[in-house]
Structure formats: C-alpha cells, structure tokens
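Colleague: If you want the building blocks of each chain, they are given just below.
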Amino acid sequence: MPNSKLFKYPEEIKDKFISTKGLKFKNGTTVSSAEIWEFMTEEAPRRFPYAFDANANNIGRFSDDVHFLSGIKRAYLTLTFKDRLLKEHAAGTPTVLVQGGQAMDAYYAAGAIPVRPGLVMQWAQSMEEGLNLRQSETRGINILESGRRKISIDACNQISAHAAIDNKVVPIDLIAPFLCLRCSDMAFLVETHRNREHDIPRYMVDYPVDHENKPWAAEYIEVELKELITKIAALSGRKITDEVIFDEIRLENRGRKIANEIAELWWNAENPPINSTDFFAIAFLANDFLGDPVASVDLLEQSKQEIEERVKNNVKGYGVPDDAKRLYICGSCVGPNAHHAETAGAVFVGRDDNWSCISVLVEEEGNPYLNIAKSMLEYPYEQRTEKRAEWTAEQVRRSRASGVIFMYQWGCNYQSGVARMISDIIREKTGVPTTFVEVGELGRSEATEQSTNRVEAFIEMV
Amino acid sequence: MSLNKNFFAGVDVGSLAAKSVILQDGEIFATGLVPSGVNSVESGLNALNLALETAGLKKEDLTYIVGTGYGRVSAPYANKAVTEITCHAKGTNYLHPTVRTIIDMGGQDCKAIRIDKDGAVIDFAMNDKCAAGTGRFLEVMAGVFKVRLEDLGAIALAATDTVPMSSTCTVFAESETISLVARGEKPENILSGIHHSIANRIAGLFSRVGIESDVFFSGGVAKNIGMKNAIEEALKVTIVKPEIDPQLIGALGAAVLARSFSKKEGLWA
Ligand code: SF4
Chain A
133 MPNSKLFKYP EEIKDKFIST KGLKFKNGTT VSSAEIWEFM TEEAPRRFPY AFDANANNIG
193 RFSDDVHFLS GIKRAYLTLT FKDRLLKEHA AGTPTVLVQG GQAMDAYYAA GAIPVRPGLV
253 MQWAQSMEEG LNLRQSETRG INILESGRRK ISIDACNQIS AHAAIDNKVV PIDLIAPFLC
313 LRCSDMAFLV ETHRNREHDI PRYMVDYPVD HENKPWAAEY IEVELKELIT KIAALSGRKI
373 TDEVIFDEIR LENRGRKIAN EIAELWWNAE NPPINSTDFF AIAFLANDFL GDPVASVDLL
433 EQSKQEIEER VKNNVKGYGV PDDAKRLYIC GSCVGPNAHH AETAGAVFVG RDDNWSCISV
493 LVEEEGNPYL NIAKSMLEYP YEQRTEKRAE WTAEQVRRSR ASGVIFMYQW GCNYQSGVAR
553 MISDIIREKT GVPTTFVEVG ELGRSEATEQ STNRVEAFIE MV
Chain B
66 MSLNKNFFAG VDVGSLAAKS VILQDGEIFA TGLVPSGVNS VESGLNALNL ALETAGLKKE
126 DLTYIVGTGY GRVSAPYANK AVTEITCHAK GTNYLHPTVR TIIDMGGQDC KAIRIDKDGA
186 VIDFAMNDKC AAGTGRFLEV MAGVFKVRLE DLGAIALAAT DTVPMSSTCT VFAESETISL
246 VARGEKPENI LSGIHHSIAN RIAGLFSRVG IESDVFFSGG VAKNIGMKNA IEEALKVTIV
306 KPEIDPQLIG ALGAAVLARS FSKKEGLWA
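The listed protein sequences derive, respectively, from chains A and B.
Count the first sequence with our numbering and you get residues 133 to 594, in order.
Count the second sequence with our numbering and you get residues 66 to 334, in order.
Hints listed in this document are in silico derivations from the structure and should not be mistaken for laboratory results.
Each hint should be verified, as a subset may be incorrect.
Unchecked claim - Calculated cross-link-like contacts (lysine-lysine; reagent style DSSO-like; alpha-carbon spacing at most 30 Å):
1. A:K457 to B:K328
2. A:K457 to A:K158
3. A:K346 to A:K358
4. A:K156 to A:K448
5. B:K329 to A:K457
6. A:K561 to B:K328
7. A:K457 to A:K371
8. A:K140 to A:K214
9. A:K436 to A:K156
10. B:K182 to A:K457
11. A:K156 to A:K214
12. B:K145 to A:K137
13. B:K251 to B:K211
14. B:K211 to A:K457
15. A:K506 to A:K158
16. A:K346 to A:K436
17. B:K145 to A:K140
18. A:K448 to B:K251
19. A:K358 to A:K300
20. B:K251 to B:K123
21. A:K282 to A:K389
22. A:K448 to A:K436
23. A:K371 to A:K158
24. B:K145 to B:K70
25. A:K448 to B:K124
26. B:K329 to A:K448
27. A:K444 to A:K146
28. A:K506 to A:K371
29. A:K300 to A:K148
30. A:K140 to A:K363
Using the sequences and the accompanying hints, generate a full structural model.
Modeller: Spelled out as structure tokens, the structure:
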C-alpha cells in the first residue's frame with residue numbers, strides 16, 4: 133500500500149451538510165451537523181488516519197458518495213464508537229459481549245451496550261490512535277495471533293475479539309453470548325473465557341439450534357432471557373419492568389421497519405440510489421445499532437428520506453457502475469470488498485446474515501420476554517438449512533440479484549459445511565449463478581488476491 | 066508484413082511464468098514466454114517484448130492490450146485487466162470451439178471451468194486451501210527427486226505400481242515422499258501416486274461444476290504427460306490435443322478479448 137492517499141470530505145458540501153439535522157442520542161443529547169462535520173474533517177482524520185485511507189482494498193473504507201449525507205453521519209457513529217463506549221462505561225453502563233446472531237433488544241432494555249465480536253475488533257484496533265492503515269491492520273493481526281496462540285489456530289478470525297477482551301484491550305463487563313451452535317466459534321469463545329484469571333462474569337444464553345416443531349423452545353428461551361436481563365440489570369442498576377422492555381422493542385422495531393422499507397425502495401428503484409457500502413451500512417445499523425439505538429434509528433430515518441428523494445429523481449448512488457451486476461451475499465461475519473466489487477462492475481443487493489434479524493419484528497404487546505424469544509426462533513438464518521436456503525432464494529428473487537456469492541471465513545465450520553448446499557438450492561430455485569469462497573484475510577487490505585480474484589472472475593461470469 | 070492492420074496483445078503474468086500472445090486478423094502472430102520474477106510489471110513486459118521482437122513490432126503498433134493472471138493488477142502497459150478464468154475460457158474457445166470443460170493447472174492454483182459455445186464462463190471452481198494439486202506442488206516434487214520439472218510426467222508413466230498418496234498438503238506430501246524413498250519405494254511408483262492424487266483433487270473440483278465434452282487441459286502443467294493421463298483416468302474423459310503450447314491459452318484469451326474490447330470501444334470497425 134505504498135501509494136495510499138487519505139480521503140477528505142470536500143469543502144463544497146459543508147454548507148449543505150451542516151444545514152441538515154444533527155443526531156439525537158439515547159442520553160438525551162443532540163450532536164449538531166456542524167459538530168459532526170468538524171469531527172469528520174478535523175479530529176477523526178488526525179486520530180484515525182487508517183479509516184480515511186483511500187486505497188481501494190481498504191475493506192473498512194467509507195463510502196465515496198459524499199452527497200449521501202447520512203453516510204457521513206453513519207461514519208461519524210462508527211468513529212465515535214470508542215469515545216462513546218468508554219464514556220458510557222466510565223459512567224457505569226455495562227458493556228456486554230454478545231454473539232450468536234441474535235437480537236439486541238434484551239441487552240439494551242436491561243441498560244447495557246451489547247457489542248458483537250466484529251465491533252469489539254474495531255474498537256480494539258481504535259484504542260491506539262494515529263495509526264495508518266498498515267499499522268492499524270498490523271495491530272489487528274497481532275491481537276488475532278495472540279488469540280490463536282492462546283486458544284487454537286483452528287479458530288476463525290473472530291478469536292481476535294476474545295483475545296482483545298481477555299487481554300483487557302477493551303473493557304467488557306459481561307460475556308453473554310447466545311450458544312447458537314451454528315457458529316463454531318462458540319467452542320473457542322467458551323474456551324477463552326472459562327476458568328480465566330480475568331474477573332469478567334459470564335452468562336451463556338442457551339439457544340436450541342434444532343427448534344423446529346419444538347413447542348417448548350420459545351418458553352425455554354423466555355426463561356433464559358429473564359435470567360440474562362436480571363444479570364445485566366444487576367450491573368446497570370436499571371429497574372426492569374415489562375414497559376421498559378417494550379419501549380426498547382418499539383424503538384428497535386422502528387429501526388427494523390425503516391431498514392425493510394429502504395430495502396424495498398432500493399430493490400425496486402430503476403437505479404440503485406445508494407452504493408453497496410451505504411446500503412450494507414443501513415442493514416448493519418438496524419441490526420447492531422452501533423452502541424446507541426436512538427441515534428441509529430434517527431439516522432435510519434434521515435437515510436430513508438434521502439433515499440426516497442434520490443429514487444424520486446432517479447439518482448444513482450456514486451460508485452454504482454452502469455449496468456451493474458447485482459450480487460446477493462450469503463454467509464456470516466465476512467463479505468467481499470464493496471469498492472473492489474463496484475470497480476469490477478457489480479453492486480451488492482443484500483445479505484442473508486444481517487437481513488435475517490431485521491426481517492422479523494417483535495410483537496409489541498403481551499409478554500415481552502416470550503415475544504423476543506418467539507422472534508428469535510423465526511429468524512430465517514437460524515432455520516434448518518433447506519428452509520434457510522429457500523428464504524434466501526426468495527430474497528434473491530425480490531432483490532433481482534443476478535448472482536450469489538456465499539463467503540465464509542477459514543475456521544467457520546458450520547458455514548463452510550452448508551455453503552455448497554445453500555448455493556446449490558438457491559441456484560436450483562432461482563436459476564441465478566452462485567459460487568462460494570473461503571477467505572482467510574478478514575479485515576485485511578493486503579494480500580487479498582486469492583479472494584478478490586475469485587470474486588472478480590465471478591462478476592465477469594455473471 | 067503489413068502494418069496497416071490492427072494488432073492485439075494478451076499478457077498473462079502467472080506465479081511461475083509470464084506469457085504473451087499477439088493476434089492479427091484473428092491469427093496468432095507471435096508469442097512470448099519467460100519465467101516470472103518478483104517484479105510482475107517487468108515480467109509482463111519481458112514476455113510482451115519477446116513477442117513484439119519475434120513479430121518485428123513495436124509496442125506502439127498494438128491497438129489494445131489486455132492483462133491477466135495474478136500480475137494483472139500491476140500491468141500499466143495494459144488497457145484493461147481481466148481474470149485468467151475468463152481468459153482461459155476465451156482462449157480455449159478460440160482454438161477449440163467444441164470444448165465445454167477446461168481444466169487449468171497453473172503454478173499456484175487449479176481451476177475447473179465450464180463454458181458455453183461462445184466461450185463464456187458458466188461456472189467455475191478453484192482449489193481453496195493449499196498448493197497441493199498445482200504446478201508449485203509438482204515443482205516441490207521435482208526438487209525431492211532431483212529431476213527436471215518437465216521430466217516428472219514421463220518418469221511417472223514408467224511406474225509398475227501406484228503408491229497411494231495424500232493430496233491435501235504440499236508440505237505433508239513432501240515428507241510422505243521422502244519417507245517412501247527412504248523405505249526403498251521406486252521413484253516412478255511414487256510419482257505415479259503423486260500424479261493420481263492431484264488428478265483426484267481436480268476430480269473433486271468437478272463434482273460441483275460438472276463435466277461436459279469436449280474437455281481441454283490448459284496451463285503450464287498441461288505439458289506434463291503423466292498428469293494428462295492421470296486426469297483422463299480420474300475423470301474418465303479424453304482430453305482434446307492442444308493446437309498450441311497450453312501454457313499460452315490465458316494470454317491468447319486475453320488477446321482475443323483485447324480484439325473485442327477495442328472493437329466495442331470503437332478503435333476499429
Ligand atoms: S465466522 Fe463463523 S465461526 Fe466465526 S464467529 Fe462468524 S459464524 Fe461464528
């Protein structure tokens with residue numbers, strides 16, 4: 133990466149940007165767009181230069197579509213994640229490791245900030261400031277390798293998150309993943325944190341992987357969720373009532389609904405109104421909420437307005453190639469580089485992993501624990517493989533995809549096991565070409581030739 | 066030679082060799098093949114210059130150049146870069162239009178490619194995890210037996226027996242081979258086992274993409290007669306005899322694409 137340049141937001145969009153709404157946060161504060169602009173153009177490039185590296189291979193690179201102003205705010209949420217979490221943590225809000233592909237409602241309702249392994253890794257990388265892309269990735273790789281050395285070289289790259297927690301690179305107060313065994317990293321997670329000297333309490337939320345035709349499954353998870361919320365509330369000091377949980381459910385449902393509406397708008401638009409990076413960021417926001425569901429839902433609403441405007445005026449997102457091949461992405465925790473795919477002539481139209489959680493709303497009346505449990509059991513991604521593949525095939529049809537790439541990480545045993553079966557079922561049901569690619573370089577910008585070559589060849593084929 | 070015609074070049078920079086083909090009037094006009102060095106720009110240019118020299122042309126005489134292979138990302142001399150999967154498909158179709166299935170074995174990977182009547186790729190699969198089953202693997206084995214790479218296949222054909230070998234890891238296969246040699250196993254029998262283990266690995270790639278006749282074998286390893294025979298046996302097919310050096314197919318496909326891209330871009334009518 134010797135010729136990397138740093139990306140800058142152009143001054144000519146400043147006036148328009150600062151005239152837009154700011155972002156509301158769950159602590160009741162609002163950050164104005166002028167403050168966001170100041171952070172994104174002055175402070176952040178100084179503190180996190182790697183995030184502004186314009187190298188096409190930079191997998192974490194922000195969108196080039198500087199006129200999609202919500203995209204800049206979304207980058208702001210990403211780059212302030214560290215500051216926001218450290219501040220909240222210092223003020224007594226528990227940070228909780230969550231894993232296993234489930235919803236966040238229960239965690240946020242109990243007064244915690246849930247963090248998935250991907251965000252733990254980003255957070256850990258950002259704890260040292262002023263690094264360029266190579267230095268930042270070297271830092272990430274060192275954390276990853278320390279995890280592999282300590283636990284197992286057979287673990288997927290997500291072991292970095294466990295290593296970062298175990299080595300106290302980031303402060304986590306509770307380890308509370310769902311034991312969803314379609315994630316083979318669960319064994320390594322348990323291995324990292326069991327019998328450790330560190331003092332982080334653990335609560336493994338049990339999840340029946342094989343739950344089809346098991347009427348007891350929802351009640352079983354309900355009991356688990358009650359226990360989880362009680363454990364978190366003991367740390368956060370929040371008094372939990374059904375209404376508190378319903379408030380959170382309503383807020384997160386709103387985010388999920390907006391994300392679904394955006395997907396429909398995007399899929400049916402004559403021209404993709406935003407590029408792959410911005411589109412996937414929307415799914416991520418509605419699934420993860422980046423440490424603050426209030427700010428995320430606010431941003432989703434702003435994004436939707438901008439997208440509606442673009443669809444009305446038939447504006448194509450910057451970076452989306454003409455006659456783009458429409459690719460649907462399958463698999464967990466990893467995906468192809470959006471900038472690279474767009475340069476090669478494609479655009480991403482959806483991904484099963486993130487959209488699975490978003491596609492199911494939680495009922496807003498009755499027993500909130502049972503309602504969350506029921507919604508979890510409905511996630512298409514968590515059904516038996518044929519059923520999951522059928523849902524994905526339907527997504528492929530609705531998004532008018534012209535190709536499907538199933539990508540999985542080296543060490544991800546379940547996804548590697550089902551990749552071919554799911555790809556074959558999708559191909560059979562939709563007639564759309566499919567391929568599957570194993571990658572070993574998650575989150576790295578260098579030495580990615582093996583996977584980019586396969587993705588590029590597939591795009592040429594489609 | 067008339068210089069008022071258009072010339073199109075394809076340059077394929079692989080991990081072991083850089084190749085180039087110049088086309089004129091739909092005919093192969095000149096070719097170049099040189100070993101790859103660490104500098105892939107230089108390797109590509111060396112191969113291209115060799116072909117230009119043979120043709121008596123200068124680089125400025127070329128209407129369009131397409132780069133392919135792992136070195137395509139750094140090919141400043143090329144107008145466009147295309148993956149070698151597409152290029153092998155186009156190159157094969159250009160020479161052998163009846164071919165529908167290609168086995169491409171290069172220095173660092175092997176590919177199973179299915180194509181249609183126009184040479185468009187309809188499916189492909191590649192080896193994922195290791196150099197086992199590639200030219201590099203055979204190179205390591207040639208080193209173990211201290212023979213020339215190009216002689217490996219012929220030696221394997223003299224086998225009286227085939228030693229079963231593991232096909233999953235180059236490093237493990239090397240130590241397996243050394244221990245077999247130490248136990249007094251005949252080199253030709255071990256080499257026959259190695260070729261069959263690679264052929265089985267390739268057959269595994271075809272379990273997804275399927276096989277349709279005719280079948281073609283491209284890439285540097287296609288020159289290895291032992292490998293060709295082992296693949297024919299494993300896949301129960303007859304491989305079409307190549308009309309040119311099979312190592313040049315990727316570069317040929319790139320040149321074919323150079324011709325059609327330049328036409329699309331209106332550089333000639
Ligand atoms: S890559 Fe696979 S094994 Fe690793 S965390 Fe994700 S789902 Fe689990």
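Colleague: Take a quick look at whether K371 of chain A and K158 of chain A sit within 30 Å of each other, Cα to Cα.
Modeller: Status holds; Cα separation ~17 Å.
Colleague: Does K282 of chain A pair with K389 of chain A here, judged by a C-alpha cut-off of 30 Å?
Modeller: The hint is violated at about 42 Å.
Colleague: Check whether the Cα positions of K346 of chain A and K358 of chain A lie no farther apart than 30 Å.
Modeller: holds, 20 Å
Colleague: Below or equal to 30 Å on CA atoms is what counts here, so check K457 of chain A against K371 of chain A.
Modeller: Status violated; Cα separation ~51 Å.
Colleague: Please verify whether K346 of chain A and K436 of chain A have alpha carbons no more than 30 Å apart.
Modeller: violated, 38 Å
Colleague: K145 of chain B and K137 of chain A: Cα distance at most 30 Å?
Modeller: holds, 23 Å
Colleague: Going straight from one Cα to the other, do K448 of chain A and K436 of chain A come out at no more than 30 Å?
Modeller: OK: K448 of chain A and K436 of chain A at ~15 Å, within 30 Å.
Colleague: Would you check the hint for K358 of chain A and K300 of chain A, treating anything up to 30 Å between C-alpha atoms as holding?
Modeller: holds, 28 Å
Colleague: Need the status of pair K457 of chain A, K158 of chain A: alpha-carbon distance at most 30 Å?
Modeller: violated, 39 Å
Colleague: Against the 30 Å threshold, does the CA-CA distance of K448 of chain A and K251 of chain B hold or violate the hint?
Modeller: violated, 66 Å
Colleague: K251 of chain B and K211 of chain B were given as a pair; does the straight-line alpha-carbon distance stay at or below 30 Å?
Modeller: holds, 14 Å
Colleague: Are the Cα atoms of K140 of chain A and K363 of chain A separated by 30 Å or less?
Modeller: Violated - the C-alpha atoms of K363 of chain A and K140 of chain A are around 44 Å apart, more than 30 Å.
Against the hints set out earlier in the document, violations occur for numbers 2, 6, 7, 14, 16, 18, 20, 21, 25, 29, 30.
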